[in-house]
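Numbering-wise, the sequence shown is residues 1 to 486 according to our numbering.
Everything labelled a hint here was simulated from the structure, so no lab data went into it.
Take the hints with a grain of salt, since some may be wrong.
[Said to hold, decoys possible] Calculated lysine-lysine pairs in the DSS-like style (CA-CA distance at most 27 Å, straight line):
| id | residue 1 | residue 2 |
| --- | --- | --- |
| 1 | 429 | 455 |
| 2 | 455 | 432 |
| 3 | 439 | 429 |
[As the list claims (entries may be wrong)] Label-pair ranges, simulated between beta-carbon atoms:
| id | residue 1 | residue 2 | range |
| --- | --- | --- | --- |
| 4 | 328 | 272 | 43 to 49 Å |
| 5 | 474 | 230 | 47 to 53 Å |
| 6 | 247 | 183 | 22 to 28 Å |
| 7 | 425 | 217 | 25 to 31 Å |
| 8 | 223 | 245 | 28 to 34 Å |
This one's a predicted model, so the numbers in the text were calculated from it and none came from an experiment.
Backbone N, C-alpha and C define an ideal beta-carbon position, used for all residues, glycine too.
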Amino acid sequence: MDGEVLDPKFDILPDVLKTIKGYNMLQPGDSVVVGVSGGIDSTALLHVLWRLRESWNLKLFIAHLNHGIRGEDAAADAQLVEALGAELGIPVHVKELDIPGIARKTGRSEEEAGRIARYQLYEELADAVGASRIAVGHHGDDQVETVLMNLIRGAGLRGLSGIPPVRGRVIRPLIDLEKWQLEAYCRSWDLPWREDVTNWSTAYRRNFVRWEIIPKLKQLNPGAVRRIMQTASTLLEDWQLLDQLALEAFGQTVLELRPGRQVSLNLAELSVLPAAIRKRIAAHAYSKVTHGEQSLAAAGLDYVEKCIAGEVPAGQRTLPGNIDVFVRDEVLILARRVDMEKDRGFGPCLLPLGSSTIIESAGLSIQLQILTTVNPWWEVGSPLQPRDAWQELGVWWADMDLASLDLPLYARSRQPGDRFQPLGMSGSKKLKDLFIDEKIPRELRNKIPCIIDGKGIVAVVGLHQDQRTRVTDHTEKVLRITAEKV
Numbered sequence: 001m002d003g004e005v006l007d008p009k010f011d012i013l014p015d016v017l018k019t020i021k022g023y024n025m026l027q028p029g030d031s032v033v034v035g036v037s038g039g040i041d042s043t044a045l046l047h048v049l050w051r052l053r054e055s056w057n058l059k060l061f062i063a064h065l066n067h068g069i070r071g072e073d074a075a076a077d078a079q080l081v082e083a084l085g086a087e088l089g090i091p092v093h094v095k096e097l098d099i100p101g102i103a104r105k106t107g108r109s110e111e112e113a114g115r116i117a118r119y120q121l122y123e124e125l126a127d128a129v130g131a132s133r134i135a136v137g138h139h140g141d142d143q144v145e146t147v148l149m150n151l152i153r154g155a156g157l158r159g160l161s162g163i164p165p166v167r168g169r170v171i172r173p174l175i176d177l178e179k180w181q182l183e184a185y186c187r188s189w190d191l192p193w194r195e196d197v198t199n200w201s202t203a204y205r206r207n208f209v210r211w212e213i214i215p216k217l218k219q220l221n222p223g224a225v226r227r228i229m230q231t232a233s234t235l236l237e238d239w240q241l242l243d244q245l246a247l248e249a250f251g252q253t254v255l256e257l258r259p260g261r262q263v264s265l266n267l268a269e270l271s272v273l274p275a276a277i278r279k280r281i282a283a284h285a286y287s288k289v290t291h292g293e294q295s296l297a298a299a300g301l302d303y304v305e306k307c308i309a310g311e312v313p314a315g316q317r318t319l320p321g322n323i324d325v326f327v328r329d330e331v332l333i334l335a336r337r338v339d340m341e342k343d344r345g346f347g348p349c350l351l352p353l354g355s356s357t358i359i360e361s362a363g364l365s366i367q368l369q370i371l372t373t374v375n376p377w378w379e380v381g382s383p384l385q386p387r388d389a390w391q392e393l394g395v396w397w398a399d400m401d402l403a404s405l406d407l408p409l410y411a412r413s414r415q416p417g418d419r420f421q422p423l424g425m426s427g428s429k430k431l432k433d434l435f436i437d438e439k440i441p442r443e444l445r446n447k448i449p450c451i452i453d454g455k456g457i458v459a460v461v462g463l464h465q466d467q468r469t470r471v472t473d474h475t476e477k478v479l480r481i482t483a484e485k486v
């Protein structure tokens, strides 16, 4: 690595340059923070940007998070990154955090806690050094995995368009390349990298898609990864066009706009627009009221659609983020409930059968599925019980006797006086006492969904289901509730 390699056997630089120029990722003279883990992806990214530094007059900075998940291996990752930086003459900023501890404290999975911490590090370093761009190593295989995971969850056009090549100051110059190209590049240029052993464990959802689902798709079509990448790119273009059309339509239908407080829309003009545009207008209005802090999930959009069509009774409903939506004098209004603090919890949210509902304020999605036979949710023979899976994978489930339920089901945060009978216990228990016994931090208690039917609480996500919902020998149909951190 002491200079340019003549006639390398494999080079991704032309493809990366095409992506950079196609998405206008960089300008000459930019300062760039490069997120480097020490794996193949980020090592290839760093080296390509290093080769561009002179012709593009780039100033590079390396950011690395030592997450403490793999002990000595994590320390070795950091040492490799520091060595790479020293050899290439790029300053390295390493930050050490106890991600497992942070995950336990915040109720997130280690994967999610690590992702949040990494981007916080990148943003902090970019602010400190005045960088206009943050480069990360997501590539085409990551794109395909994301698209498939979103498809399984029931995503719309935005979710199926995958990982955006550019978001804010974050850029992904490798997004049009496949994993094998990055490995071939690193081998041709004799670049060192480290393997994360957790990448091989199919206990993680993304790894299951990577090692179990995608190889089977390649059996059907060897070019499946490239084709799905192309589809995601096309869908992103479609989504961007529809979003632009919706923004223009929003300007024509909006009657009153008070960012962070209220948006009022002309119902007559709104109702004649195509549904795809209406939903995007509703999502944009919601974003204006919440200052972009939350996005409106499918269940919320469906409810707003019913308001527009006049298919809901008079009154109002509270959407996540304490945003009231209602119709008054031919005007659709989305307004913040200003007398309610954000951390007071969230109101009842309908959980339709056979679909997934994202609850933004709780940071999870909930799916209801009717089963005629009961098998482990992930694969036959899975050793994890629901509470262990919740801690390790961010997924929890409960199987209930459908006949015991008074449908429909809703999700809401706790309320004063809540009590239920946890499965296996002889009597009922106050929810407040349960949280204390389970050592749930006070600041997290309002974010834990209680799933309720017409008779009361049927489950507390991540903890217990109610005794009356248990599956017995007489059960004919089972309702499986699956909660997944997003």
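Going through the hints against the structure:
Between residue 429 and residue 455 the CA atoms are separated by roughly 16 Å; this keeps the pair inside 27 Å, and the hint holds. A distance of roughly 19 Å separates the Cα atoms of residue 455 and residue 432; the hinted pair therefore holds under the 27 Å criterion. Annotation: proposed proximity of residue 439 to residue 429 holds, straight-line Cα distance about 15 Å (limit 27 Å). Between residue 328 and residue 272 the CB atoms are about 20 Å apart, so this pair departs from the stated range of 43 to 49 Å.
Remark: the range hint 47 to 53 Å for residue 474 to residue 230 is upheld by a beta-carbon distance near 51 Å. Look at residue 247 against residue 183: about 41 Å separates their beta carbons, and that is not inside 22 to 28 Å. Distance hint check: the CB atoms of residue 425 and residue 217 are about 45 Å apart, inconsistent with the given range 25 to 31 Å. As the Cβ distance of residue 223 to residue 245 is approximately 32 Å, the hint placing it in 28 to 34 Å holds.
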